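Given chain V's structure and the hints, the job is docking chain Y onto it.
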Amino acid sequence: MNEKTEKLIDKKGIRSDGRKADELRPVKLQVGVLSNADGSAYIEHGKNKILAAAFGPREVHPKHLMQADRMVLKVRYHMAPFSVQERKSPAPSRREVELSKVIKESLEPALFLELYPRTGVDVFVEVLQADGGTRCAAITAAALAIADSGVPMRDLVVGCAAGKVDDTVVLDLYDAEDKLGIADVPVAYMPSLNAITLLQMDGILEPAEFEKAVNMAMDGCKKIYEMQKEALKTKYMVVKEVEE
Amino acid sequence: MSSLVTKVRLRQIEQLIEKGKRLDDRGLLDTREIKIEQGLIEKAEGSARVFLGKTEVLVGVKVGLGEPFPDTPNEGVLTVNAELVPVASPHFEPGPPDENSIELARVVDRGIRESKCIDNEKLCIEPGKKVFVVFVDIYVLNHDGNLIDASAIAAMAALLNTKMPNYEVKDGELKIKQGYTPLPVKNHPVTVTTGKINGHLITDPWIEEEQVMDSRITFATKEDGTICAIQKGGSGYFTPQQILEASKIALDKAVELRKKLDW
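Chains as they are written, first to last, in my numbering: chain V, 16 to 259; chain Y, 85 to 347.
Looking at chain V on its own, in the form it has when it is part of the complex (with noise of 0.2 Å):
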């Protein structure tokens, strides 16, 4: 959050990137991508690059994490080294636990952790390109991998985040509009249900631009769901196609 000359928005409204400022980054999707998963999506939401792979329902490890009455949900969000500018170290860092609670949590409400006690769901989250607004790409694609997995679900969670750049409410910020934006609203949301499943922020936003922000976020997770929906149609449409 530096103050710099340069503006992040041009006279036009058009942002650094070229997008206008409700303009989502390009988005590709694709289930099942891994064999050895139950089930497996990967996202490149602009140059995210993300693979998600779910595991379950299995027993739970270790053991003693186990629920008699419920599933347990357990979600690792880990970026690879090479994701960033300066090499990450693989060990786990503050963030990436702090995240993995997040995204946890914003794909709990989605399932029907009742039905299944005694079992887990292991998701595991790859970060293998990072470029501003992770942590929605991959509730993105961790939603489609444990759809893909066969798991009943309540609806589909989409992450996608709205902010403040120079002084303007701004949909889907990327890395610089990160680092150098006003402020940062990822948001997860099950269009379906009307329900909001993870919401941050970090920066400066007057309340009215707080609820600007969220509602755009909001919508732009309906146009990513539109995509989700496909992408799952997809795989199993041509699955179909082999079989006849």
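Within a straight-line C-alpha distance of at most 20 Å, the following computed DMTMM-like cross-link-like pairs (lysine to aspartate or glutamate) qualify: (1) Y/K105 / Y/E117; (2) Y/K306 / V/E226; (3) V/K119 / Y/E183; (4) V/K119 / Y/D298; (5) Y/K306 / V/D182; (6) Y/K200 / V/D182; (7) Y/K200 / Y/E307; (8) V/K116 / Y/D298; (9) V/K237 / V/D170; (10) V/K116 / Y/E183; (11) V/K103 / Y/D155; (12) Y/K214 / Y/D155; (13) Y/K91 / V/E129; (14) V/K89 / Y/D182; (15) V/K119 / Y/E294; (16) V/K89 / Y/D298; (17) Y/K270 / Y/E159; (18) V/K119 / Y/D182.
Residues of chain Y placed beyond 12 Å of chain V at every Cβ, according to the derived structure: (19) V92; (20) Q96; (21) I120; (22) K138; (23) F176; (24) D221; (25) G263; (26) P266; (27) H272.
Some chain Y residues near chain V, calculated using beta-carbon distances under 8 Å: (28) E187; (29) R194; (30) T310; (31) A313; (32) Q315; (33) G317; (34) S319; (35) G320; (36) Y321; (37) P324; (38) I327; (39) L335.
Bear in mind the hints are in silico, worked out from the structure with no lab data behind them.
Small disclaimer: the values here were computed from a predicted structure and weren't measured.
For each residue, glycine too, the CB sits at the ideal point set by N, CA and C.
Same frame as chain V, but now just chain Y:
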């Protein structure tokens, strides 16, 4: 942690909340009594103990010397750490910080950092080489719920109590002089956590309510009414309307708290 409170009692909490009441006789949006003691650890540069109802948090601030981060060569460094020590609850175990204590520390850190309440540039001794490092260590002594708010208030109170050693730079060498100056604090972020039980919002949940609560949302706000940090937690969800309601509650409660604390 669900074994702590019996199912009957949990249901009682839920039923009362439906009627707009709470087991400890508070209204849904009432916070517990706050008591602050400052400066009780003489060896620390700053300290404060906060009681929020029966929740008790001690924060010690140590000021050391270190190198600045390469991207902020003119600024001091802030580190916040939280320990959920085993004296505070039968559910806390000794060992390295778990996800709960890391989240607690990072949420408190975000409130302090993003509000820019510490004048970081005044902590710079020699740009790019030597700065003051402010270590904020949160020690939870008794867990009776809402650790985030109690810790955030305690951290702020401890920072307000913090003194930095006087120094001078002579021929490129740093000399610590007699006496102290107060840590330059510019504003006072206040953190308010709202919990959701069966669709009802409550502020300052205590430990038994935390067992029933499906999610919580924390807002850190500044005197000027801006929001500087947010964290949603717990395995439930909020509707967009509930989020807005919670943000209004947090802003109102912050005004109330500031009056009480004279911040």
